[in-house]
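Chains as they are written, first to last, in our numbering: chain A, 1 to 165; chain B, 166 to 651.
Some hints here could point you the wrong way.
[As the list claims (entries may be wrong)] Taking beta-carbon pairs under 8 Å as the criterion, some of the chain B residues facing chain A (in silico):
1) LEU295
2) VAL317
3) SER318
Quick caveat, the hints were computed from the structure, so don't treat them as lab data.
We put the CB at the ideal spot given by N, CA and C, even for glycine.
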Amino acid sequence: MLAMLVALAVGFGLGWAVVRRRLGPQWAAAIVLLGLVVVTAPRFVNTTTDGIRREWRMGRQAVRRSAPRVIAHRRNARLAKFADSRIPAGATYSLIAVDPRTGRRVSPFGRGFAEKMVWLQFELAPRIAVDEPQRWTIVLGATPAEAGLSPRRAFRFDDDWLVER
Amino acid sequence: MIRDAAGLAAAEAILAVLGTGLLFAFGTWRRLPRWSRPGPALFAGHAGFAAGMTPLVYLGVSPTPVVVGALAAVALGGGWAFDRRRRGQPPAVVQASRAGFAAAAILAVPVVLLAVRASLKPVSDVDALLDWTLKARMLAGHGGTLIGALDVSYLTGSTYRYVNPEYPLGVPALQAFNLHMFGHNTDLRVLHGSAIVMFAAFMATTWMLLRPRCRPAPLVGGLLLVTLLPSFVAVAVFAQWDFMLALFVTATATSLWLWLTGDGDDRLALAALFAAACLATKMDGIGFAGSTFLIAAGACAWRRRWWELRKLAVAGAAAAATAVPWQIFNRVYGLHERAIRPSPARMLRQTGDLPEIVRRIGHIGVGPHWGWVAPLALGAAVWLIILRTDLDLAVPFVALVATQVFVLVVAYWNHAITLGPLMGASLSRVIATPQLVCATALPLLLERWWARWQPGAVPDARPIPGNAAQRNAVGGDGIEPPTPCL
């Protein structure tokens, strides 16, 4: 870095007098901009080609199920995939979150549920999640009984359930 | 994926038809050389979609190919009929230059790379999942061919409280249109390609607008630099809503500056179109587009050009009118911004946050990830102001960047959630707008700065021969003379 700066300074100093008198405005501006381009281009090439290589290798399903880093470890991908196959297109569903410590219903935006909920809402779109109880209900963090539901059928995915009433 | 790419190409073709109609109506079409037309037409089409389709979505119309196709047909028919009234004026005699083709060839390399990168990227951004693409899937999945896409239950339901329901639906509507063209609502990768196509169209538009004012070498260098800026590339791939806003705001500012410096009234019409697109893209668009028009109004008032001030007011009102359905919708359903809530009491209470806000904006603004474009451009502009030359460029530029930074400072000053995470999550994206303005103006500023600073330089306020300002100075006829402009 230091060597590069020194080389730049020396080159700048040597060429200064000539350049200042001889160089037309358009070429002076172009050289400054070209300098910035040279500085930024390697990073652009590296990040872009790395990204292309990485995502080219991903399969269609992997792409479909890839998630942001902050969500990836908390989402329940199996539940989302199963619910996507079970809940009819155009149907609505409800989301219930239960605090496992108190056994009480809490907002799905509560700690630990928000990431799951965001992923579910995105995966199940354009189906709409509504506040009122629906035929299809997703229970986060508790069993259907603990959530006060009497299901016709229920499917468990770790701590979460898909309930059909 | 090939089918998606074909769908995207068809969507862009429809938007290009829409833009062609708008350029016809504004009179810009006949000022352009033949090979210069597709880029500006496509960019105007994107802006026209945002400005025209977004209010329609709030009125219950679906952003389907049938509706957008009809909109494009109406625009093309109306624009052509409008343009026929200009038949008395001779068409512009224009010639394409080799510089334009060379520029297109040089810029195509990074843009194609970027397009491939964006088109392979899965939807894996929290904001896309939470907000933009979620809304797009909702819009594409509901309603019929003509009406019913907007189901208010997901914008007003408590389980969707973090989808930013108060934001305008311009970007989701565009994505929903693309999803309709893909024919499915599942693999969303190619969706990102749309923004890069728009970026290519933006660069063609910027070339078309600025080429008469700037020589090819610096202009190509400036546009190439824009394409390669690391943070801008990140915004282009990962935060396309802010990316689109930056493009629209910069196009608004460029068009307004050209209008102020005598480039013709069609530039004002373009500015109004792009400003309306800003308002349809993001909440920040109000501040950025508003400040651009405010500075233009200040310039008109300073020069006592009252008739032009009136025209500017009409253009501003037309742009603002497109946001009325959105604002009415928000008022009716009580939707409002959660993270930022402006109020004098809040500002007074949070005065202590100002140094931190200014420090963080300054830090990211002059950092290497943005290629030092802001300090360079502002330095050149301030130098020109000190020399009291090229004030028509330097003063509005400094005022615009200062106002945009002020808008950001005021927005963060009114934070209603914790400041640190808010700035951490958003500043690197929203700073794209002032940075793009700086990067676009940089070739002009550097060229003029060097010309004034060279020993023996003669102050020369004249633009490059052949542009509209010179034409107007000699009693111009409103027709573009031959210009070496692709």
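Now for the hints, and whether the structure bears them out:
1. Interface hint at LEU295/B: satisfied, since its Cβ lies 6 Å from the closest Cβ of chain A, which is below the 8 Å cut-off.
2. Because the beta carbon of VAL317/B sits about 10 Å from the nearest beta carbon in chain A, more than 8 Å, this interface hint is broken.
3. Here the hint on SER318/B is kept, as its CB sits about 6 Å from the closest CB of chain A, short of 8 Å.
Hint check: a violation occurs at hint 2 only; the rest are consistent with the structure.
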